[in-house]
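With the hints as extra help, turn the sequences into a complete structure.
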Amino acid sequence: MANKKTPRQQGPWAEVVSRFMRNRMAVFGLCIVILLIICAVFAPVIAPYHFDDQDVARALQRPGPAHWFGTDKFGRDIFSRVIYGSRISLQVGLIAVAAALAVGGTLGAVAGFFGGMADSLIMRFMDILMAVPGMLLAIAIAASLGPGLRNMMIAIGIGSVPGYARIMRASVMSVKGNEYVEAATAIGASNLRIVIRHILPNALAPVIVQATLGVASSITSCAMLSFLGLGIEPPTPEWGAMLSAARQYLRGYAYMAAFPGLFIMITVYALNVLGDGIRDAIDPRLKD
141 MANKKTPRQQ GPWAEVVSRF MRNRMAVFGL CIVILLIICA VFAPVIAPYH
191 FDDQDVARAL QRPGPAHWFG TDKFGRDIFS RVIYGSRISL QVGLIAVAAA
241 LAVGGTLGAV AGFFGGMADS LIMRFMDILM AVPGMLLAIA IAASLGPGLR
291 NMMIAIGIGS VPGYARIMRA SVMSVKGNEY VEAATAIGAS NLRIVIRHIL
341 PNALAPVIVQ ATLGVASSIT SCAMLSFLGL GIEPPTPEWG AMLSAARQYL
391 RGYAYMAAFP GLFIMITVYA LNVLGDGIRD AIDPRLKD
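Its first residue numbered 141, the sequence shown is counted upward by one per residue in my numbering.
Hints listed in this document are in silico derivations from the structure and should not be mistaken for laboratory results.
Mixed in with the good hints there might be a few duds.
Claimed, not checked - Listed next, with one range per pair, are the computed distances between beta-carbon atoms:
{"hint": "1", "residue 1": "G256", "residue 2": "G328", "range": "35 to 43 Å"}
{"hint": "2", "residue 1": "I268", "residue 2": "L390", "range": "35 to 43 Å"}
{"hint": "3", "residue 1": "W208", "residue 2": "R387", "range": "16 to 24 Å"}
Each residue gets a CB set at the ideal place from its N, CA and C atoms; glycine is no exception.
Here it is in structure tokens:
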């Protein structure tokens, strides 16, 4: 009698991918994010004009075949500026979150693993930072450092550090009591090896979810800082700065603010849906 082949079991990450792909809204959000990344990378190819091509003769033209999103007061094509602006927003979102995750994740892992005095010192400092609202802290840092891309990323990143530190600390503390960590300690593995090989791979899931959602909030913070004049300096296009420049034309030329605002809304929505999908895929018990 021929032996029947047993079905091959999926690994844990394959199951996560499978659950994620069954979530249509999460896949939809992922597709939008991929399209935005393509727009950012290939902006010179996609945009019909350079973001700073000025022609006063075509100033304040409404959306039409020549200019899909219309033109601004300097005659610059808004569609091209929105496409180029995706570079700034995604760059700020990704780099600010990566920096905040690296700093906050490291501090949280140290506090959660060692505990004691290290835990008290690190988390009390995080409590001091969290006592100030994140956006207010970012505004204060950006105002002190001055406008510019690097300073804006620093301001947003510092404001996000405490959240990642607290999440990583809680995750490490829940993992370090497991039997495989105790076994690694019993055979004499170093603390660094235990953290890197045994704790971090099992503690990163909630941090990854928070980082995905954090990119959306960082893009919103980027737009708010630029709207207040603390972000990118002109003529470099950024969605929040475009909204700020369009304020005085809202009554007669609302399209100048509508399209940058629409792209901010779509990007934040896609990232939030993507983050929710990753959360549900990693731990289906958290699904509402």
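Hint-by-hint comparison with the structure:
no.: 1; hint: G256 - G328: 35 to 43 Å; verdict: 22 Å, violated
no.: 2; hint: I268 - L390: 35 to 43 Å; verdict: 40 Å, holds
no.: 3; hint: W208 - R387: 16 to 24 Å; verdict: 22 Å, holds
Violation of the numbered hints given earlier is confined to hint 1; every other hint is satisfied by the structure.
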